[in-house]
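Chemist: Below, each chain spelled out in residue letters.
There are 4 protein chains.
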Amino acid sequence: MFFASDNSGPAHPNVMDAMMRANEGYRFGYGADPEMDRVRDMIRDLFQAPEAAVYLVATGTAANSIALATLSEPWQTIFCTKLAHINEDECNAPEFYSGAKLTMVKDENAKMTPDTLRAAMSAEETRGVHGPQRGPVSITQVTEKGTVYTLKELKALTDVAKEFGVATHLDGARFANAIVTLGCTPAEMTWKAGIDCVCFGGTKNGLMGVEAVVFFDPQHAWEFELRRKRGAHLFSKHRYLSAQMEAYLTDNLWHNLATRANAAGQRLADGLRGSNTVTFPYEPEANLMFFEAPRALHKKVQAAGAQYYVMGSLDGDDDEMVLGRLVCDWSVGSDGVDAFLAALKS
Amino acid sequence: MFFASDNSGPAHPNVMDAMMRANEGYRFGYGADPEMDRVRDMIRDLFQAPEAAVYLVATGTAANSIALATLSEPWQTIFCTKLAHINEDECNAPEFYSGAKLTMVKDENAKMTPDTLRAAMSAEETRGVHGPQRGPVSITQVTEKGTVYTLKELKALTDVAKEFGVATHLDGARFANAIVTLGCTPAEMTWKAGIDCVCFGGTKNGLMGVEAVVFFDPQHAWEFELRRKRGAHLFSKHRYLSAQMEAYLTDNLWHNLATRANAAGQRLADGLRGSNTVTFPYEPEANLMFFEAPRALHKKVQAAGAQYYVMGSLDGDDDEMVLGRLVCDWSVGSDGVDAFLAALKS
Amino acid sequence: MFFASDNSGPAHPNVMDAMMRANEGYRFGYGADPEMDRVRDMIRDLFQAPEAAVYLVATGTAANSIALATLSEPWQTIFCTKLAHINEDECNAPEFYSGAKLTMVKDENAKMTPDTLRAAMSAEETRGVHGPQRGPVSITQVTEKGTVYTLKELKALTDVAKEFGVATHLDGARFANAIVTLGCTPAEMTWKAGIDCVCFGGTKNGLMGVEAVVFFDPQHAWEFELRRKRGAHLFSKHRYLSAQMEAYLTDNLWHNLATRANAAGQRLADGLRGSNTVTFPYEPEANLMFFEAPRALHKKVQAAGAQYYVMGSLDGDDDEMVLGRLVCDWSVGSDGVDAFLAALKS
Amino acid sequence: MFFASDNSGPAHPNVMDAMMRANEGYRFGYGADPEMDRVRDMIRDLFQAPEAAVYLVATGTAANSIALATLSEPWQTIFCTKLAHINEDECNAPEFYSGAKLTMVKDENAKMTPDTLRAAMSAEETRGVHGPQRGPVSITQVTEKGTVYTLKELKALTDVAKEFGVATHLDGARFANAIVTLGCTPAEMTWKAGIDCVCFGGTKNGLMGVEAVVFFDPQHAWEFELRRKRGAHLFSKHRYLSAQMEAYLTDNLWHNLATRANAAGQRLADGLRGSNTVTFPYEPEANLMFFEAPRALHKKVQAAGAQYYVMGSLDGDDDEMVLGRLVCDWSVGSDGVDAFLAALKS
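Protein chains in written order, with numbering that gives the first Met the number 0: chain A, 0 to 345; chain B, 0 to 345; chain C, 0 to 345; chain D, 0 to 345.
None of these hints come from the bench; they were simulated from the model.
Check each hint, because a few of them may be wrong.
[Said to hold, decoys possible] Here are the simulated DSS-like pairs of lysine-lysine, each with C-alpha atoms no more than 30 Å apart in a straight line: (1) B/K81 with D/K154; (2) D/K81 with D/K154; (3) B/K105 with D/K81; (4) B/K81 with D/K161; (5) D/K154 with B/K154; (6) C/K81 with A/K105; (7) B/K161 with D/K81.
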């Protein structure tokens, strides 16, 4: 009953096997491994983007920060919601890498809308050199609150970005989960929807720690490589990143794992909906959800062994509503969910 | 016959086994894994430094850059040799993280001396606010050219640093190899010799990609943690870093692997010494060496399958002396060395 | 009829005379001029702060940015309103100098309140290393919209900052105007109200281009000096900055000029209040004001020669309400104001 | 007898008069003053560069740092001599603004040579992403030691830069003095010699504090403007910078003042040559010089009232040779020089 994060569970056995296979013989380092050649081709195929520049890094924060630095200039501002991981959870890494600042776009259901985005970009009237200049838009899919942008919503946002002549970045830490929710292709959720650069996450979906950064316009390739090295994110023994990603891309593992995670998430959401004391501030559309429940309920399920984050203290009035967050990773399975729901109902 | 780098070979099986064992069940992320608790204790024991702050990162450049940023201020200059990895091979990462600049200290046999260090630090007369202020000294052990500072030499350098009131950082990408060469303890080669912070390398010595950063004065701990996160180098699934390091520290694996690598290196150096056309610009004291040999010789051994870096072209006058670099990792073994030497002599 | 900005008018004759006097003979540079020694003493006297560290720079953006960099760390966030000059009008200079980011505090009447400040600081729950850490609070007095914090309001805000253990910076680009409005002393409006550092503006109040930065705790002195030099803001011929500031401090010139500017501002505001088509979105409490008026009115007074900024186009429906900004500098006088009001009424 | 620096003397009366004239009426700020329009035209005429982008800042460090930041990328290295002001006297400002590092080019007679430049640029073999990438070359003219590059020497250096595909920046803090020495035109000493960007100094030659930055290729214009603002170096009351520069350009004042300064410098050098105890480590070719003389001589002239910097202590063996630096500004005149020489001989 571990629902604290989708970075809490184990890596998938296929990934470990691939690491083992990669651990034979000698390789030139720094991305010159043959595994990376295969990964590059597989990602280009997956995204139907034969020209795309493809790179691997080991953390999601690195992927986002180096990608955004490549798309922006230090006198610009990057548009995102207040809830964005790049705003709340990366300890100024995006600002450190880019030199740019972040401007908050109002969210509805944890998503920016064309109207709130346009309002923020218009308000950021730059008055020549005085204000920060408009830089890229960064969208998180699945959002940090568990909702998912539809393809139409994504397209409407990238259209606004294009109006202002700036690029759009997709923080896809839970990219696979969103693909499963939408039932679409990676191309449809990225460049066909106007996205210029995607961080295609693997760490939260069964890898040990690998994210791919994909630029659909390869003009950004060399700058990204230099920024990655300067940020100390180029691995000498790069084969171990490549091997993980190769396993992820083989036999649709990435999709299968997200399918499991989302199924667990939906089973859990359905179960919670059955409890008349639980409410969802955001509609759970993938594998994570926030829920409000009486403190007594949180105490009960945690006492039964469930692990997850509660926003606030477990000490206090039993009837008071307290917010919790539940995340299902690929490994939690229906048994884990059912155990949680049983503890809830007991 | 792969001598291109000590980051070219496989990780040791014990390390892979540890990864497998770590890949079970759930863990809280970001360094809160129980493996890390054990690693911290083991490193404190190893260094006889019960108060030390201990952190893991995945690349040597990250270890050096974040450590130096923690020890310096952006208006300072860091003292190192021109050959230093932080100067030549990190694409401005140390400057990016610290904001400081680097000042070159003249090297003799690839090492700074108390005289050249004092000369550089004195020349860097700061004239109040005008010049860069003096910042930490960074020493690489094993040096980038394969020589090793004696304990006395290290102490003499840290004494100069102390005269000027600045800290000393040890880039220990090949820390274990130096320990084997000197036959001393980690404490003797670090804090007992006046070192304030060491990057204790694992990647070049049988790990997949882990370096420990150790501050003997724990006052730097929290700043390092924030800089690591801001640099995007804090791993969510941190257990996989911890597991590698734990295996490395268990049963003296770190020492055993370096012993093997150094033995191979010395066997190789001895063999090369037997060839009357080969000279060493720097005395090979650990597991890597630079050697000058006629172009024809390089061509012959490379044609026989040896892989290593040649500084310059293989096209040209057969008799011209050309510089090559050979590095033995833990896995190359006496067979690999003997195959190389056989090719040399054939 | 020039109301575009208080940086549009001439410097006061006393200031020019002081420049002339300073332009004799030789001086050591970089702040070692005897004029600066006098300025330091005069500012310490003025602020009743005999230990204060006092520095001069030539632009308000430099004053704010270097001061905030000195008070913060690059992994922190600085709290200010969305309207703050440091947020809207400095093209990322505060972020460039500090490395920190800015977090928006909700404003009421262009001021933060203890409640909105506490809400922003509490929301910035840092979760260990994940989120930006809490850094200094930056308050603008007179606010960017022409309102003035009372001493009690300032104290309440610095009390909140102290609760969270962070420093408070006062952007005093219009410091003198606020002093005139409140009828208090500089000490009362700064350290007695809990302010740690003030940018004491001169450029908008009759100087050519000088701002003093005052740290009430001199521990920050040396760091500020290094940051100023590193930012290229240390003047070699520093005497010309000192001379301006000395003139400003002599015979209460700073106070007299602000008294004139505020009087003009209030005369203008009173006149506008008399027009039943004009409204003030913010109460004009010093020398600048925003006012809403029908487009036809803006067109009429601008056609009559009044110069000021209109937020939006002068083309369009005559009846539509359009926002304008009027600023009175020390030189505009009652004649200028009356000419404007006459044009308004004509 | 004030020879400490050419930033120690007064501004020229024409400059003060121009400031007075500029101090009338109202102006839009931030470079939109009509004085600046005239200055831009005058500089374009002076440099025979009708398309050039022209900007003013108040310090030489700002001019150099923002210019170099505009010409470089943060993963590059800038080539200069160890003696360069940007290396020794700007407290990391060039690194702060650009993110780039500096690589030292060996100097002969305080100048880089085509050979030493090519050697430094070749040594900076970048090995893909590993090393810093090659960035602009920065040349100081007059050099920091008082020597002057010939036009042919400049051209030979910019040719090397062009071989490597990088831009060349001229630190012209004493630009006018070099022009006087060479008897050439500003165009000949800049773009005709292959220079891409020049900092045309005024502060050391009779202004209060203004430097012009000139890019011969206007593609850099907007980036420079943003970097200037972000660096807090855009003046609101810009007219006072423009007015100084306008006076400087009117009636060849810039050239006349440098002619005076150089004449004084040469008179002083000639006088020193007459003393058989004085030697010049660098040939004095403009208005500043370093000289070695017995300590007793330094003590004698300083006791007589001469003010200048001595590199080392005045306490010690009278016969020991001690280095001193003498700089003649426009105002020192032959009387000042003769007084110094008389003290020397007495």
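Chemist: Does D/K81 sit within 30 Å of B/K105, going by the straight-line distance between their CA atoms?
Modeler: 14 Å, holds
Chemist: D/K154 and B/K154 were given as a pair; does the straight-line alpha-carbon distance stay at or below 30 Å?
Modeler: Violated, at about 48 Å.
Chemist: Check the hint pairing C/K81 with A/K105 against an upper bound of 30 Å on the C-alpha distance.
Modeler: Distance ~14 Å between C/K81 and A/K105 Cα, so the pair holds.
Chemist: Does the structure keep B/K81 and D/K154 at a Cα separation of 30 Å or less?
Modeler: Holds, because 29 Å separates the two Cα atoms, which is no more than 30 Å.
Chemist: With a cut-off of 30 Å on the C-alpha distance, tell me whether B/K161 and D/K81 pass.
Modeler: Roughly 25 Å separates the two Cα atoms, so the pair holds.
Chemist: With a cut-off of 30 Å on the C-alpha distance, tell me whether B/K81 and D/K161 pass.
Modeler: Since the Cα atoms of B/K81 and D/K161 sit roughly 25 Å apart, the hinted pair holds (cutoff 30 Å).
Chemist: Taken at face value, is the distance from the CA of D/K154 to the CA of D/K81 at most 30 Å?
Modeler: Judged against 30 Å, a Cα distance of about 21 Å means the pair holds.
In this structure, the one hint that does not hold is number 5.
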